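Q: Could you build all of it, start to finish, from the sequences and the hints given here?
Next come the chains, spelled out residue by residue.
2 protein chains.
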Amino acid sequence: MQDWIHPHFDYLPERPLFLCVLSNTDTGKIPGLSAAGASPDLTDYTPSADAELVELHKIVTIPEVPESPEGATTPAVVTKAALSLSGVPSLFVTSGLRRKPAVPYVDMNGSAGSDIRLATAIPDVADIMDRATMLGRKLAAFSDCIFIGESIAGGTTTAMAVMQALGYDGRVSSSLLDHPLAKKQEIVDAALDRCGASFGSMRSDPLRALMEVGDPMIPAVLGMLKGLSGTKTVLAGGTQMAAVLCAADALGLGGDVSIATTRYIVEDRNASFVETVEGLGRRWYMADPGLERSKIPALSCYARGSAKEGVGAGGAVLAASLSGVTQQEIVEGSDRVLMTVELPKKSGRA
Amino acid sequence: MQDWIHPHFDYLPERPLFLCVLSNTDTGKIPGLSAAGASPDLTDYTPSADAELVELHKIVTIPEVPESPEGATTPAVVTKAALSLSGVPSLFVTSGLRRKPAVPYVDMNGSAGSDIRLATAIPDVADIMDRATMLGRKLAAFSDCIFIGESIAGGTTTAMAVMQALGYDGRVSSSLLDHPLAKKQEIVDAALDRCGASFGSMRSDPLRALMEVGDPMIPAVLGMLKGLSGTKTVLAGGTQMAAVLCAADALGLGGDVSIATTRYIVEDRNASFVETVEGLGRRWYMADPGLERSKIPALSCYARGSAKEGVGAGGAVLAASLSGVTQQEIVEGSDRVLMTVELPKKSGRA
Numbered sequence: 134m135q136d137w138i139h140p141h142f143d144y145l146p147e148r149p150l151f152l153c154v155l156s157n158t159d160t161g162k163i164p165g166l167s168a169a170g171a172s173p174d175l176t177d178y179t180p181s182a183d184a185e186l187v188e189l190h191k192i193v194t195i196p197e198v199p200e201s202p203e204g205a206t207t208p209a210v211v212t213k214a215a216l217s218l219s220g221v222p223s224l225f226v227t228s229g230l231r232r233k234p235a236v237p238y239v240d241m242n243g244s245a246g247s248d249i250r251l252a253t254a255i256p257d258v259a260d261i262m263d264r265a266t267m268l269g270r271k272l273a274a275f276s277d278c279i280f281i282g283e284s285i286a287g288g289t290t291t292a293m294a295v296m297q298a299l300g301y302d303g304r305v306s307s308s309l310l311d312h313p314l315a316k317k318q319e320i321v322d323a324a325l326d327r328c329g330a331s332f333g334s335m336r337s338d339p340l341r342a343l344m345e346v347g348d349p350m351i352p353a354v355l356g357m358l359k360g361l362s363g364t365k366t367v368l369a370g371g372t373q374m375a376a377v378l379c380a381a382d383a384l385g386l387g388g389d390v391s392i393a394t395t396r397y398i399v400e401d402r403n404a405s406f407v408e409t410v411e412g413l414g415r416r417w418y419m420a421d422p423g424l425e426r427s428k429i430p431a432l433s434c435y436a437r438g439s440a441k442e443g444v445g446a447g448g449a450v451l452a453a454s455l456s457g458v459t460q461q462e463i464v465e466g467s468d469r470v471l472m473t474v475e476l477p478k479k480s481g482r483a
Numbered sequence: 134m135q136d137w138i139h140p141h142f143d144y145l146p147e148r149p150l151f152l153c154v155l156s157n158t159d160t161g162k163i164p165g166l167s168a169a170g171a172s173p174d175l176t177d178y179t180p181s182a183d184a185e186l187v188e189l190h191k192i193v194t195i196p197e198v199p200e201s202p203e204g205a206t207t208p209a210v211v212t213k214a215a216l217s218l219s220g221v222p223s224l225f226v227t228s229g230l231r232r233k234p235a236v237p238y239v240d241m242n243g244s245a246g247s248d249i250r251l252a253t254a255i256p257d258v259a260d261i262m263d264r265a266t267m268l269g270r271k272l273a274a275f276s277d278c279i280f281i282g283e284s285i286a287g288g289t290t291t292a293m294a295v296m297q298a299l300g301y302d303g304r305v306s307s308s309l310l311d312h313p314l315a316k317k318q319e320i321v322d323a324a325l326d327r328c329g330a331s332f333g334s335m336r337s338d339p340l341r342a343l344m345e346v347g348d349p350m351i352p353a354v355l356g357m358l359k360g361l362s363g364t365k366t367v368l369a370g371g372t373q374m375a376a377v378l379c380a381a382d383a384l385g386l387g388g389d390v391s392i393a394t395t396r397y398i399v400e401d402r403n404a405s406f407v408e409t410v411e412g413l414g415r416r417w418y419m420a421d422p423g424l425e426r427s428k429i430p431a432l433s434c435y436a437r438g439s440a441k442e443g444v445g446a447g448g449a450v451l452a453a454s455l456s457g458v459t460q461q462e463i464v465e466g467s468d469r470v471l472m473t474v475e476l477p478k479k480s481g482r483a
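Heads up: the sequence lines are chains H and F, in that order. The numbering of the first sequence is our numbering, which starts it at 134 and goes up by one. The numbering of the second sequence is our numbering, which starts it at 134 and goes up by one.
These are calculated hints, taken from the structure and not from any lab test. Since we're looking at a predicted model, the values are computed, not measured. Treat the hints loosely; a few may be bogus.
Remember, identical chains collapse to one label, so a pair may be satisfied in a single copy or spanning two.
Claimed, not checked - The calculated BS3-like cross-link candidates involving lysine-lysine, where the alpha carbons are at most 27 Å apart (straight line), are:
| # | residue 1 | residue 2 |
| --- | --- | --- |
| 1 | 271 | 191 |
| 2 | 191 | 162 |
| 3 | 365 | 271 |
| 4 | 191 | 428 |
| 5 | 233 | 271 |
| 6 | 191 | 478 |
| 7 | 478 | 428 |
| 8 | 162 | 316 |
A: Have a look at this one:
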């Protein structure tokens, strides 16, 4: 029946919980790198706007729904539709976030990540991991199946840097149609240079790799994985979450951890989502939100490769499917979310 | 059997959850007012140290276990013993807290409260209540019985101001043996004067009363009560939580809300805990931690009226009793917690 979810997810959660980590970095502000915000300066605000959209169906922090320079709307719209249709509860976690959202959140504290070309990315990586481990232990008491997504601009570049520092061969996706891969590699090279690292040279010291060239989302998710240990966990994201799995591998973190993403990531020929995840011996799931049938160009463009994934959209759709939500409901629900989201009164849509 | 809990709590929670709200105010720094910290300047740090003690059995933020000028140790020691013995999970909530703890916490944001004699106490009271309402709704999905405590220095003075602004006649307790009641009334009078209020004059506008003369803990708890509506909730505290019940009454908030405190509050002849709570038609519970049998003066002094309550100690003891923990275990557990708590390496105990 649900061939829009592939393969079959063979566990029916009793108390599913959707988490989403929100972070900022200065790497995300390098022009031309990220689609998470119409302009680099807005990327600091995108994670909070995403959280508000999901929790409130209303955006408080910025005047508009976040969208990419190409006009794709934030995947938070799909996440919101999936969670609302299924009733799966959500909880946002901030880690190195500059602008806090107008919703409740669990704070990992920590500073925003640096521009990895110029400075150590996250000096407080160990503190973030410790706090997140405590949070994971706590959450294990409340859920039997936890989905973890992210909203962080520029996250695939830091993901790429971490994979290369740790010696994993994966190719990351882009939220832009025209993948700025050469630019990303240039940034990664400069970052590795800065800290005297090269491909695989930090394999035996993964925490240092995260500290030097990572972003604050990664240790937050790793810490939660550590704390959740026995609990079934599904990372909700594409190649950024695949990089988290690489770091988990390098750290020797086990547990019942799989990964779920959208069809748009799985089918991205520039990226290596499936190979990377299978190379680590982890299970992956693909959810097809069916957005080619959306009536709104800002969503139907996903099916042509814009935006693709984020805010745990693929995992949220998977979670929704487990409580009987259909693909058609996801498509119609996403359209409805975007058409009816409340914006701050002062400003109209541009 | 458990006559140390009075009256019998006639519900056995399946998934109890202990919350504790951490806040600061400048009112709490007025000299001679509060026992939550050995000196007024330390009161900003006391809530975080309490949270660290409960979550980590270790204090990170300050060099020592918080204690009152009279030498009573923080009631967080009793809370920690109760939660550890029973396995009841805890979650800390920050609302207007200056110094964040080294543990995971849900952040209500908001600024620390003012010195109520000098300025509007919490200008962002409505935002705090809204966020806390969302948090309450969320938590209702994860627990069938929620205990809510607090750690805020100077909280009885703002509690007293709120009760008087709303026209409730209650008398608050003190964490000091020699209750500085005249000083508190002087502060309350100055605060009411400042905003043109008098006894009962804000009865019809409770939000304004909280905004002018309250503290950031009160709207956080009220918001959670609003969001939790259907869920059994036990406020864990003495006369400060009684003041929260007064404000809930003025706001017309219903729900299955009772209050639990220590024997030391119930027996405080200077305060009116029982009358105030019964006057509101709410149920109260008393837990007797039996600290007169403690081998440590900093705990046995509770039985003579020092400290008395805080960090939800009475409610935590009640929650522990429901899973079979005995009074003797609480006494011995509290002694053990205090004797073995880890302190920052740099400094020894004074």
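Q: Cα distance capped at 27 Å. Does residue 162 pair with residue 316 within a copy, between copies, both, or neither?
A: within (13 Å within a copy, 53 Å between copies)
Q: Which holds for residue 191 with residue 478 at a C-alpha limit of 27 Å: within a copy, between copies, both or neither?
A: within (11 Å within a copy, 47 Å between copies)
Q: 27 Å Cα cut-off: does residue 478 pair with residue 428 within a copy, between copies, both or neither?
A: within (25 Å within a copy, 62 Å between copies)
Q: Is it within, between, both or neither when you check residue 233 against residue 271 at 27 Å Cα-Cα?
A: both (22 Å within a copy, 18 Å between copies)
Q: Is it within, between, both or neither when you check residue 191 against residue 162 at 27 Å Cα-Cα?
A: For residue 191 and residue 162, only the intra-copy Cα distance (25 Å) is at most 27 Å; the inter-copy one is 38 Å.
Q: Please work out whether the CA atoms of residue 191 and residue 428 approach to 27 Å or closer within one copy, between two copies, in both situations, or in neither?
A: within (21 Å within a copy, 56 Å between copies)
Q: Is the C-alpha distance from residue 271 to residue 191 at most 27 Å within one copy, between copies, in both cases, or in neither?
A: Close across copies (17 Å), not inside one copy (29 Å); limit 27 Å.
Q: First find the shortest C-alpha distance between residue 365 and residue 271 inside one copy, then the shortest across copies, and answer within, between, both or neither for a cut-off of 27 Å.
A: Both. Shortest intra-copy (14 Å) and inter-copy (21 Å) distances satisfy the 27 Å Cα cut-off.
The structure fails none of the hints (numbered hints given earlier).
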